[in-house]
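Protein chains in written order, with my numbering: chain A, -13 to 63; chain B, 230 to 563.
In case anyone wonders, no lab produced these hints; they're calculated from the structure.
Idealized CB from N, CA, C, for every residue including glycine.
Mixed in with the good hints there might be a few duds.
[To be verified] Away from chain B, derived, C-beta distances all over 10 Å, residues of chain A: (1) Tyr4; (2) Phe6; (3) Lys14; (4) Lys15; (5) Ile17; (6) Asn18; (7) Gln25; (8) Thr27; (9) Met57; (10) Ala58; (11) Ile62; (12) Lys63.
[As the list claims (entries may be wrong)] Lysine-lysine pairs mimicking DSS-like chemistry, simulated, CA-CA at most 27 Å apart: (13) A/Lys(-2) with A/Lys10; (14) B/Lys327 with A/Lys63; (15) B/Lys345 with B/Lys275; (16) B/Lys360 with B/Lys263; (17) A/Lys63 with B/Lys392; (18) A/Lys63 with B/Lys251; (19) B/Lys345 with A/Lys63; (20) A/Lys63 with B/Lys307; (21) B/Lys443 with B/Lys482; (22) A/Lys63 with B/Lys396.
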Amino acid sequence: MMNPMTVRINPKNEHDLYQFVKSKGGIKKAINYLFGHYQMTKDIQSLIGDIVDKPPAIKQPTPVDDEVFNMANNFIK
Amino acid sequence: MRTNIIGCDNSNASFKAFGGRKVLYYTNVLQEVKTSNTSALLRNKKDIFSVDGKQYTIGGNIGSGGKDESRYYSKQFKLETQIALSQLVVGDVKEEFKIITGVPANLAERDDIIDKIKNNLIDNYEVTHNKVHKRFVISHVGVVSQPVGTLYYNLFDINGNAKTNDKSVYSKNFLIIDIGFGTTDLVELSASKGLGDNVTLTRAMSDYVSNLYKAIEYEYPESRLSSTEITPYELDNMLIDNDILSLPRGDYKVGHIKESLQQEFATEIKSALGKHGYNFEKYHQIILTGGGSIILYKALKEVFNNDKRVILIDDPIMANVKGFYTLAKQSYRV
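Chain A on its own, in the form it takes in the complex (with noise of 0.2 Å):
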């Protein structure tokens, strides 16, 4: 079996993927970088849910008074 730590890229056919290790400064800098997105993001759902209102359940729809009912069956034939 392939050690999973091996890792080869193409740089044809990886072009993109290639061009971000070199720039990152090899391999494990480039996981580090995405494992600290990865660690940022990860708990994002949570930490959003303290900041941001979450949206109002669906409103549900009050009595209709008589006024009301009444108004409408007078327009519905």
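With chain A held as given, fit chain B onto it using these hints.
The following block gives chain B in isolation, referenced to the frame of chain A:
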């Protein structure tokens, strides 16, 4: 059985329905198709509807459409409604529909017509929609004047709750100008007092689009507009947000033609109101609605001297059916 509350409007130009999460809006054209074409149509992701051994597709270019009142209780009207509502049935389990539908203001007080509409629509239905056999019953039909939908959409949210706590607004008079494809309704309405004066003009957007077509052909004969196979309706759609008409033979400036026809139509609406004795001062608001109101809003605002009471309803195309839905929820207390 699952019950659906639906506001719907089967008009000359389009079929619209609103049921909270369920929405339909498409050009109201039914085309019968041959059984041998079914596989090709399905491959092209066309919806196929089978009713009583015949097959249909929906949508396409708007035809002339009948302006006759008898269309509201015709077999065709029933078939159009049947095919539309079948799209809202989720699976092969039978569902129930309680619907509120609209008619032009001049028909809303005609008990004979309303009875015919109800008798025509209340029934059990079966439609095979893209190989799914759907069954439903229309158990209740309520009929209202189309502009009542706009008034209700203006006063209540879609759950039926009042948008304002000020109940005095219920007794105020509103003038609704509903500019549709086949008719223009000028209707005085109050939520508590009901329908006041109403006039239905047969001049409507179908005339505007055909006049626009003719005027462009007249001013730019070299454009050979009629040989492009663009219909008047498509032409209007192309020019809603655009003053340049791009055709294979070149680009043509048509802003001034549009503006002058819109001005002419708006002036005609205002003079029809004057001729029929409407007194603008008594209205709390003058609400513009219907697909045509989007095109005519600017011109109408001008002919009303930029009066602040003249407003364009939010979502003019769906405002009526959303209002019907609200009415249905209030009336059925659901």
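Checked hints:
1. Residue-level check passed: A/Tyr4 sits 40 Å from the nearest beta carbon of chain B, beyond 10 Å.
2. The claim that A/Phe6 lies off the interface holds: its Cβ sits roughly 39 Å from the closest Cβ of chain B, which is beyond the 10 Å cut-off.
3. Its beta-carbon lying about 49 Å from the closest one in chain B, A/Lys14 satisfies the requirement of being farther than 10 Å from that chain.
4. Against the 10 Å criterion, A/Lys15 stays outside the reach of chain B, whose nearest CB is about 48 Å from its own CB.
5. The beta carbon of A/Ile17 is kept farther than 10 Å from every beta carbon of chain B, the shortest such distance being approximately 43 Å.
6. No beta-carbon of chain B comes within 10 Å of the beta-carbon of A/Asn18; the shortest separation is about 46 Å.
7. Listed as outside the interface, A/Gln25 is consistent with that label: its C-beta sits roughly 38 Å from the nearest C-beta of chain B, beyond the 10 Å cut-off.
8. Interface exclusion of A/Thr27 from chain B stands, the closest Cβ pair being 31 Å apart, more than 10 Å.
9. Residue-level check failed: A/Met57 sits 5 Å from the nearest beta carbon of chain B, not beyond 10 Å.
10. The Cβ of A/Ala58 does not lie farther than 10 Å from every Cβ of chain B; its closest approach is about 4 Å, which violates its non-interface assignment.
11. The beta carbon of A/Ile62 sits about 4 Å from the closest Cβ of chain B, which is not more than 10 Å, so the claim that it is off the interface is violated.
12. Non-interface status of A/Lys63 relative to chain B is broken: a Cβ of that chain comes within 10 Å, the nearest being about 5 Å off.
13. Simply put, A/Lys(-2) and A/Lys10 have alpha-carbon atoms about 18 Å apart, close enough for the 27 Å limit, and the pair holds.
14. Restraint check for B/Lys327 and A/Lys63: the C-alpha separation of about 14 Å stays at or below 27 Å, so the hint holds.
15. Straight-line distance between C-alpha atoms of B/Lys345 and B/Lys275 comes to about 33 Å, which puts the hinted pair past the 27 Å bound.
16. This hinted pair checks out: B/Lys360 and B/Lys263 have alpha carbons roughly 16 Å apart, not beyond 27 Å.
17. Between A/Lys63 and B/Lys392 the alpha-carbon distance is near 25 Å, which keeps this suggested pair within the 27 Å criterion.
18. Between A/Lys63 and B/Lys251 the alpha-carbon distance is near 24 Å, which keeps this suggested pair within the 27 Å criterion.
19. Between B/Lys345 and A/Lys63 the alpha-carbon distance is near 12 Å, which keeps this suggested pair within the 27 Å criterion.
20. A hinted pair counts as satisfied when its Cα atoms are at most 27 Å apart, and A/Lys63 with B/Lys307 qualifies at roughly 19 Å.
21. Between B/Lys443 and B/Lys482 the CA atoms are separated by roughly 15 Å; this keeps the pair inside 27 Å, and the hint holds.
22. Of the supplied pair hints, the one linking A/Lys63 and B/Lys396 holds, its CA atoms being roughly 24 Å apart against a limit of 27 Å.
When held up to the earlier numbered hints, the structure conflicts with 9, 10, 11, 12 and 15 and fits the remainder.
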